[in-house]
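*Asks:* Taken in order, these protein sequences are the chains called A and B. Numbering-wise, our numbering puts 33 at position 15 of the first sequence, and it's gapless, one number per residue. Numbering-wise, our numbering puts 207 at position 116 of the second sequence, and it's gapless, one number per residue.
Mixed in with the good hints there might be a few duds.
[Unchecked claim] Covered, in the sense of this in silico footprint (three residues per stretch, anywhere, with C-beta under 8 angstroms from a C-beta of chain B), are these stretches of chain A:
#	segment
1	160-174
2	180-193
3	226-234
[Unchecked claim] Capping the alpha-carbon separation at 30 angstroms, the derived lysine-lysine pairs in DSS-like fashion look like this:
#	chain 1	residue 1	chain 2	residue 2
4	B	K277	A	K104
5	B	K94	B	K273
6	A	K104	B	K279
7	A	K199	A	K143
8	B	K273	A	K104
9	B	K427	B	K347
10	B	K98	B	K279
11	B	K347	B	K277
12	B	K347	A	K104
13	B	K277	B	K427
14	A	K104	A	K86
15	B	K427	B	K98
16	B	K347	B	K279
17	B	K347	A	K86
18	B	K94	B	K279
Bear in mind the hints are in silico, worked out from the structure with no lab data behind them. Given the structure is predicted, the values throughout are model-derived calculations rather than measurements. Note that beta-carbon positions come from the ideal geometry of N, C-alpha and C, so glycine has one too.
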Amino acid sequence: MLNRIFFLIRHEARLEFRQQHTLVGIGLFALSTVYLCYQAFESLEDEITWNALLWVIVLFTAFSAVGKSFQTQERGIRLYLYYTIKPQEYILAKVFYNSFLMMLLGLVAFGSYALFLGSTPIDGKELSFILGLLGGCFGFATLLTLISAIASQSETGIGLTAVLGLPIAIPLIILINNYNKQIIAGLPLEENLINLSFLLVLSIAIGVLSYLLFPYLWRD
Amino acid sequence: MLKNWWKVLAFLLLLYVIAASFLVKLGPGLIAVDNTSFQPGQNECIIVGYNTHFDAGQAPEVYFAHDSTYMCGAVEEVIAHDRIRVSLDLPERVKSSVFNVYVRNTRDGTTMLPNAIYLEGVELDANAEGYCTPPVGKNLRLAFEIPFQPVIFETIRNLMFHVPMWFTMFFIMLIGFISSIKYLNKPKREFDLRAEAANRVGITFAVLGLITGSIWARFTWGSWWVNDPQLNGALVTFLIYVGYLVLRAGIDDEQKRARVAAVFNIFAYVILFILLMILPRFSEGLHPGKGGNPGFNSYDLDSSLRAIFYPAVLGWILLGYWIYRLRLRMNRLELKLYYDEDA
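Could you build the full structure based on these sequences and the hints that come with them?
*Replies:* So, in structure tokens, the structure goes:
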């Protein structure tokens, strides 16, 4: 089973790199959004605004990267996968792949954000901040994988991912925000693990639900 | 008639609950002290009560207390049924600088105002003297009245409406959740109709819960909405279930709609359970039910409040179930009509 999941992750990654336009497109999206914010704000003195803006960018990057996860599949490939692998393996591979992709994009977004708008609020606390960033990206990826699988069943298409996904993203954002606020305030990581662990618990709960529920979405 | 005894029960219970929660008087309590900072020597203040009877029977006794140490005040004048003038001879050395005020009389029992006075210019000393003997017994009253609570005051009556709304929502949505699980097990159209009806009614109760909660927040916390884990969870719940209806509207094929909606519903209920029942207990906020306590205990439910609150919960749940049954019958009829037109 693990073999097949690895194979599927490789397959997804290969697909993505082969059709370069999607990955480059999302990277471009993140970069230009950051640059847009840079032009609009020039410099950000306020720590809370700095943090909020970064997370808005990461969230919308997640929606454009993971939200289309199930939309771009060709019918032939879908049928082939349907007859060769189990749906559980497929959703796990998707969750893992999307998490990696999202972490990568999150780092890209954060890197360019720090480049243009500075990283003064988290100077000296970069590591714990990046830990939170990766946790948040993992949460978004697991959530949006399932949501995009559900939304892809509807004729309304990609708009539905936002309608269904944003409300559930709110608690994730709240947890990340609490974590970051305390990091910025200078609380050591050990005293701040509760928000991060809740984030992980929630993400894993979403992952388990995806594993259990995806087989029912898979029949078509 | 006998078949629908629970509908009669729901009606009677809610009639009783509405009458009781609006007509039963609020118990006595203390609202304010006009002079809050005391200095060594002679001090005087006016204590204001609510629904108290200071002028009835014997003159009230007044104590200033910290933990189990008491200082006795002298009642100078009973101004009105809710107003007394009290004096206190404060020693130089005391055990604490913050004291609660207790007023005790035969009619009202013991009423209390926490952290009512602050002492200035005193020396703190754990072995300080100058205390009087504590009053004997708790002087409990036996009366059917809604208990007086600081800050909440009369708005405590909203307990019979706001809290049962969420109980009912949970119960009705549980029906939807179970129906969705049943549907995935065995795709019968009936289960889908049940899930849809339940979630619609559940959303209605969520909206009512949000409205009653918002009104309560306005009159106790001072604003219509506050940033609190429980409130966030409630709003997210509402948004997720509206999303459920949007999702259904977007799929034309009947079986596919039922299947996808069932998947989303199961997902939504589990997430909602985590958000409303688990996360708020580990985080801080204004809403009762924090720090490992279920929402109940912190309300200090006393026996008269219980006698209204428990019937309220049962009554609202029964009413919710009743509405759900009506909605379900409507769904069935709509479907029948749809197929009859086809034929």
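*Asks:* With reference to the structure, classify each hint as holding or not holding.
*Replies:* Structure-based check of each hint:
Proximity of the segment 160-174 of chain A to chain B, defined as three or more residues with a beta carbon under 8 angstroms from a beta carbon of that chain, is established by the 7 residues found. With 8 residues bearing a CB less than 8 angstroms from a CB of chain B, the segment 180-193 of chain A meets the requirement of three and the coverage assertion stands. A count of 3 residues in the segment 226-234 of chain A with a Cβ less than 8 angstroms from any Cβ of chain B is obtained; the coverage claim is therefore met, three being the minimum. Between K277/B and K104/A the CA atoms are separated by roughly 21 angstroms; this keeps the pair inside 30 angstroms, and the hint holds.
Only pairs whose Cα atoms come within 30 angstroms are accepted, and K94/B paired with K273/B is accepted, the gap being roughly 26 angstroms. Pair hint K104/A plus K279/B holds up; C-alpha atoms about 25 angstroms apart against a cutoff of 30 angstroms. Proximity of K199/A to K143/A is assessed by CA-CA distance (about 12 angstroms); at most 30 angstroms being required, the pair is judged to hold. For the proposed pair K273/B and K104/A, the alpha carbon gap of about 22 angstroms is at most 30 angstroms, so the pair holds.
Simply put, K427/B and K347/B have alpha-carbon atoms about 19 angstroms apart, close enough for the 30 angstroms limit, and the pair holds. Of the supplied pair hints, the one linking K98/B and K279/B holds, its CA atoms being roughly 28 angstroms apart against a limit of 30 angstroms. This hinted pair checks out: K347/B and K277/B have alpha carbons roughly 14 angstroms apart, not beyond 30 angstroms. Proposed proximity of K347/B and K104/A is supported: the alpha carbons are some 20 angstroms apart, at most 30 angstroms.
Note on K277/B and K427/B: the hinted pairing holds, with a Cα-Cα distance of about 21 angstroms set against a maximum of 30 angstroms. About 21 angstroms separates the Cα atoms of K104/A and K86/A, which keeps this hinted pair within 30 angstroms; it holds. Restraint check for K427/B and K98/B: the C-alpha separation of about 26 angstroms stays at or below 30 angstroms, so the hint holds. Between the alpha carbons of K347/B and K279/B the distance comes to roughly 12 angstroms, so the proposed pair stays at or under 30 angstroms and holds.
For the proposed pair K347/B and K86/A, the alpha carbon gap of about 20 angstroms is at most 30 angstroms, so the pair holds. Using a Cα cut-off of 30 angstroms, the hinted pair K94/B and K279/B holds, with the two alpha carbons roughly 27 angstroms apart.
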